[in-house]
Amino acid sequence: MKSKLKSTFQQFTKPIQFQKKSKVQNLVPGEVTYVGDNDHVSTEIDLLSYNADDCETSTNLSVSEIKALVDAEPESIHWISFTGLKDVNQLTELGDVFKIHPLVLEDIANTKQRPKLDEFKDYIFFTLKMIYHNNSLVKEHFALIVGDNYVISFQENRYDDVLKFLRERIFLKKGRIRDAGSDYLFYAIVDAIVDNYYNIAETIELQTEALEDIILNHTENTSPQDIQILKRQILSVRKSVAPTKELINRLHQTDHKLFKLKTKRFLNDLYDHILQVTENIDIYRDIVWGLMDMYMSSTSNNMNQVMKVLTIMSTIFIPLTFIVGVYGMNFTYMPELDLKSAYYIVWTIMIVIALVLVIYFKRKKWF
Amino acid sequence: MKSKLKSTFQQFTKPIQFQKKSKVQNLVPGEVTYVGDNDHVSTEIDLLSYNADDCETSTNLSVSEIKALVDAEPESIHWISFTGLKDVNQLTELGDVFKIHPLVLEDIANTKQRPKLDEFKDYIFFTLKMIYHNNSLVKEHFALIVGDNYVISFQENRYDDVLKFLRERIFLKKGRIRDAGSDYLFYAIVDAIVDNYYNIAETIELQTEALEDIILNHTENTSPQDIQILKRQILSVRKSVAPTKELINRLHQTDHKLFKLKTKRFLNDLYDHILQVTENIDIYRDIVWGLMDMYMSSTSNNMNQVMKVLTIMSTIFIPLTFIVGVYGMNFTYMPELDLKSAYYIVWTIMIVIALVLVIYFKRKKWF
Amino acid sequence: MKSKLKSTFQQFTKPIQFQKKSKVQNLVPGEVTYVGDNDHVSTEIDLLSYNADDCETSTNLSVSEIKALVDAEPESIHWISFTGLKDVNQLTELGDVFKIHPLVLEDIANTKQRPKLDEFKDYIFFTLKMIYHNNSLVKEHFALIVGDNYVISFQENRYDDVLKFLRERIFLKKGRIRDAGSDYLFYAIVDAIVDNYYNIAETIELQTEALEDIILNHTENTSPQDIQILKRQILSVRKSVAPTKELINRLHQTDHKLFKLKTKRFLNDLYDHILQVTENIDIYRDIVWGLMDMYMSSTSNNMNQVMKVLTIMSTIFIPLTFIVGVYGMNFTYMPELDLKSAYYIVWTIMIVIALVLVIYFKRKKWF
Amino acid sequence: MKSKLKSTFQQFTKPIQFQKKSKVQNLVPGEVTYVGDNDHVSTEIDLLSYNADDCETSTNLSVSEIKALVDAEPESIHWISFTGLKDVNQLTELGDVFKIHPLVLEDIANTKQRPKLDEFKDYIFFTLKMIYHNNSLVKEHFALIVGDNYVISFQENRYDDVLKFLRERIFLKKGRIRDAGSDYLFYAIVDAIVDNYYNIAETIELQTEALEDIILNHTENTSPQDIQILKRQILSVRKSVAPTKELINRLHQTDHKLFKLKTKRFLNDLYDHILQVTENIDIYRDIVWGLMDMYMSSTSNNMNQVMKVLTIMSTIFIPLTFIVGVYGMNFTYMPELDLKSAYYIVWTIMIVIALVLVIYFKRKKWF
Amino acid sequence: MKSKLKSTFQQFTKPIQFQKKSKVQNLVPGEVTYVGDNDHVSTEIDLLSYNADDCETSTNLSVSEIKALVDAEPESIHWISFTGLKDVNQLTELGDVFKIHPLVLEDIANTKQRPKLDEFKDYIFFTLKMIYHNNSLVKEHFALIVGDNYVISFQENRYDDVLKFLRERIFLKKGRIRDAGSDYLFYAIVDAIVDNYYNIAETIELQTEALEDIILNHTENTSPQDIQILKRQILSVRKSVAPTKELINRLHQTDHKLFKLKTKRFLNDLYDHILQVTENIDIYRDIVWGLMDMYMSSTSNNMNQVMKVLTIMSTIFIPLTFIVGVYGMNFTYMPELDLKSAYYIVWTIMIVIALVLVIYFKRKKWF
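Chains as they are written, first to last, in this note's numbering: chain A, 3 to 369; chain B, 3 to 369; chain C, 3 to 369; chain D, 3 to 369; chain E, 3 to 369.
Extracted from the complex, chain A is given alone in its bound form (with noise of 0.2 Å):
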């Protein structure tokens, strides 16, 4: 039972990536400069394409081919999938052909940027924080820019665990998604990302509680390391996740002429789920919190039972050896150590202060 615990525990507590060491302060305001890690992930361009009856893929696609397909289906909804944010010339690009703001370009390549939303005349950008369990827990910068007839979401890496499902949707005609415009695939996005939370939220309840119970029940195995691991992991998931909920409260709120009015109640809805995350988040932030003073706690009743071993060894047998001793010493005249049954006596003597100091420790409850 308590290896299963241990397990369960570690098995998420695997540090988080922490995106430390930033490669360069972007000193010149609005100068697009990847500062991410995930050098490796080559940037490629995809395209989904649909309308209430038709939907089509094309992968890896260059800006002016894109601009292209958009531009020849105007009613269609076009789903623009920019991953890897390395290539920042394509960015650039990209940025020059759907007119979006040199500031915007900056805060889609700087991975570090915190969440934020920032409404222009023609388009919408919204960044965030997409968090997922590969391994470890990682938090991946994840950007939104809708426009009319296009939503352009960007990405760091490949995963797609959390998407996929929406993806499959889309092509199976699932839901109202297919009947909606570009407003309601921004939200079905950005409803996919914050219902993934959920399972980050449920992750540190798991982890909260095996380790509360380790604490408990097995406090040798345990560390200050461990409490102070979760601590961090759900301080970094609660800031992302706080901003977060402020910024769709901002947007459920907006009248961007891009929201339908129906869109407005989906949205309504959104806030109401990371509301609940983020409460969630909360509670077990609370109960962690409280972690270290019962760690604290129980190992010092672990003391407790080690000085009590030691306070009752030495207790009974302080005054015994010391009689031992008494009738160890070489006086020439010491009456009692000629008497026959003196040695007897002695034993008898000590076998009944034995029994009182244990009588006495048994009624302090000290065993």
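The hints are simulated quantities; they were obtained by calculation from the structure and are not laboratory data.
Keep in mind that a hint or two might mislead.
Copies of one chain are not kept apart here, so a pair can be met inside one copy or by any two copies together.
Calculated lysine to aspartate or glutamate pairs in the EDC-like style (CA-CA distance at most 16 Å, straight line) [to be verified]:
| id | residue 1 | residue 2 |
| --- | --- | --- |
| 1 | Lys367 | Asp295 |
| 2 | Lys233 | Asp288 |
| 3 | Lys241 | Glu281 |
| 4 | Lys364 | Glu222 |
| 5 | Lys69 | Asp98 |
Please arrange chains B, C, D and E on chain A, whose structure you already have, making use of the hints.
Quick look at chains B, C, D and E alone, frame taken from chain A:
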């Protein structure tokens, strides 16, 4: 006394039925999926129709029968009880007949939904948690839809203690309910659930006081786990009650046409009730959060007692044992050994030392 | 000194009379039920009528007599004291005669009601807690209704210390009260109750300082329980005072026709008073919350003293005891044993060792 | 070094003069009662009149003389200093002559009044605390009334260090004060008091750093009491400064006719000053709140040192003492006893054991 | 590894240069007094003038020369660098020439001034702290005045790392700066300083992680002092960054005529940057605040190890020493003494007891 306290405490601390592991993340927005654990509860729809003069009930109806009965008496108030959320088809059918938005149906079936208030043109949707003590603390998903002449309540279980008395009042024409509209029925149902929160708050109060008493007087009978369980219970109850408070606040400020002016004062009163419950819970939260400190302090006090006994015993006997050791040495030339009264002198010295130390410890208040 | 402090502390810390176990949850909204514990206090209605010239009192009247007396002198101000809330019938009768809303009557009888302010067209309802020291700390439910020429005060007990001085002022024409209206009487009553909060805050101050002193200087005379009791007292007082503060703030901003402009400045002053009380309580809350740390630190310091004595004794005698043990060995060939001065040499060596250790500990500041 | 730190610390930590036990609760609203402790300070009214050209002072005037002098030169600015609040009659007389509201007079005499700002049609009332170091930390009640051509300052004591420099500036025509109106004089007085808060904040800073140093390096020279005293000082100062900050904020936003536009920028600057003081105090509050943890940690580290010495001594000598005990046994048949080299062998074994243990402890970094 | 961590930690933890003891409290409002410590830095005024085509610098000018140069080219943008605040006369002269309010000059010279934004009709005043790592962490007072065609920057030291790159960009026509107005130059300077905050936040991150690692793995190499120093650093940085955040928020919402619409988006971006810095600092604050607990827990764990060794040694040898004591007694009649195998039997018994105890401790997981 002590064992009674302990049992008082244990009686309430069976851990909460957490609805952990969600069956499936609901991936298509607006898709109605039941995620709860009560698969054994079959779906049943009952109707309670009343006006100032008459009052009748019919049980186990189909959705179309319900619709017919409601339409037949437009002047009466109809309370439709939908119990058991497993049968999603009946729920969808009901949604179609009463023209309920798909996202609302999704929230009704999603038993993990946090408290929520949604106003539509023709009806208001409100979901909260029914919390009661049925062996252990149970948090049950409860949803309400109020239209102009009907109220539909959705419940996961067939547990009826909380609302039984309300049904009686309708039958017996007690209070003003038979003369009032659907808005007052809605208020009365929510009021019954909120009034029951008082019982939960009182249970928390009793548990806290019992635990506090155990920690102070019988520390050895408790463990940090007891405190942690109580913490979690309070966090869990608070998680449901706090957002409900916000919603009732919004409710009593709404200007939806369904709510008549004279019902407003009752909603105001309801808000007052839930405010009081929240304050009580928060006070006990504060107290429970301080219990861990008290526990550690008590444990540490006990430890001190143990250490003092060890110290007193050791400190008294250590010099004595040294003295008897001295006269156990086998030197050929030790003048004291041959003195006739030496043995008695040594005993006298040892008793004096012991007395001096005992008096010293008495002065220091060590025992 | 110490015992004086202790008694100073105990004098105030008789635990608060919590009105625990509610008799019954009030299930029908608007039903008037007395839930308090003072069943022995019989209901009595008194009247104090005054204007600039006259002032008369009549005691133990019926509701209809009251009504007649109030209607007879419309120009006078009438203070109706309703003492003892047990007799719900008289309360309902009074409610009928003065046209008071049933929910207000419910709140008057419900002694567990939190502070509340409710404005109606013809009267204002205000309920707060009268807190006083009568052997132990008592929190008494107190309600006020102010109309154009009358004020009705509802009180659970016949305790009169808080308001006695106000009655005297009316009789003796002290201050401006006899020339002012019912709004000023209302203000004067609330002011008397709030002024008494100062005494409570001062008691908390005295207790905190006494306890702090005990913890620092006589830790053995206290226990975490004392701190916990004080914490609870502060929480309990704060629970009543904090919402009252909010309500008085609302009160002095109201534009209800009953409140004349020149009374507003007095309400502003009242708000200032309760703000000051709240701030004082909060400062002592902060201090008391830190006392547990101080207690643990004091306890741990005492423990260190104990441990140091043990360590010093052990560390000095352990090597000495070893040395005497060496010369207690019975080897046939031990050259030192036969040396004539060996015994004295061993004593010298032992005294040197002991002195070295004593100096070492002195240097380390262990005693 | 150490003793210097200690004295630096003690120099400032004489406990604050709390104005405890109020003489009497002021029961009649608007009744002017002096509640302070400075009964020995006789009341004295001084006048400092100036305009751009002249500047004269007269001391120890009667209220009517003051009034005459103020009315005689309506174009000058008059600073009336009312020192010593004991003589309530003179205060009331002044109130009558300058038409001051009775509640304001009550607040002037009530030295326990919290900071307060009250705007009337013809004058503004402002009360705050003058905090200074005069042997111990003193918080003195200070009130100001500013009219169109006069400022009245009310002070409990004849302490003048804080305002002395301002008086000099008026005499010496330093800065713009002689050309400005009563609003600027008002600003200058408040500014002098607030500037003095910087000194207090700096004292707190010095004390905190001295205490921190003592705790880290000479834990045995301090006690939790020192931390508690510092905590209380900070709480006490903060209690006066924080509400003053709010009031100055309100002051610089007021549109009272008395304040000229160009004085506004100075009030804004004043607000900036008090904001900075508050922030500094709050930072030191944070640090002091952490000192108790540091103290406990230091204490516990010292304890560990003690325990390690005990453990090392015990653990080394316990097996050795056992060995010498073995050869102290009196068995007739113990072959080793008669070996010639046995004694030396035993010594060798014992030294080896001791060395092994010493090396083991060295490895464990125990000393 | 360990020593590397330690040095990583120490490298950054040289205590902050606190600008303690103020030289003099500035008593006359609007009097310009330099209060900083950099008396050795002589005042120097440089000018960098540029427009889309040209760019020239002149160093060490007098105030009148500056004025002449600025007036000569009204179409260019002039960046006036005022370095070294010691020479208050030049500062006042500059203030006269550019018509700057005396209170602003006071704030420029007052190096202890907190971040502040003040809008005047013709110019905007902004002061913040430049924080950089120059051996130790330095917080330098930095002030900016922006007019229609000039920006004046005031700096205490000649440290230029933070702004060097910005100057290069102007020279090299990198980015849009040469085509933009004085508002963009103002933005670019503030942006350079805020971007440098990232480096500071990253340093804090590295220190925290190094310290965390030391505490967990090499507790004996650290002390509460290290945690306290880090706490103070974070508090000190936060004290400067947090108000700057507020001011930049106000700045990007201002409608001052100096700020062109297209500069607004850049200020918005700037606000986003400082928000992210603040969030990072706050997360590390949370972590550092938890380190003391971790340290105490680690210390207490080490203590437990020490105690366990003591307990094991004592508990094993205490009964054995008692046994050998028994047979060291000198009773004439002790039958065992004469048994031939008694000595070996006693040894066997002792070894069995020792083994039993060792197994018992193994079971208890004590070693």
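Results of checking the hints against the structure:
Taking the closest pair of Cα atoms, lysine 367 and aspartate 295 never come within 16 Å of each other, the shortest separation being 25 Å inside a single copy and 22 Å across copies. In this assembly of identical chains, the alpha carbons of lysine 233 and aspartate 288 lie at most 16 Å apart whether taken from the same copy (10 Å) or from different copies (10 Å). For the homomeric pair lysine 241 and glutamate 281, the shortest alpha-carbon distances inside one copy (13 Å) and between copies (8 Å) are both at most 16 Å. Taking the shortest Cα distances, lysine 364 and glutamate 222 sit within 16 Å of each other only across copies (13 Å), while inside one copy they are farther apart (27 Å).
In this assembly of identical chains, the alpha carbons of lysine 69 and aspartate 98 lie at most 16 Å apart only when taken from the same copy (11 Å versus 43 Å across copies).
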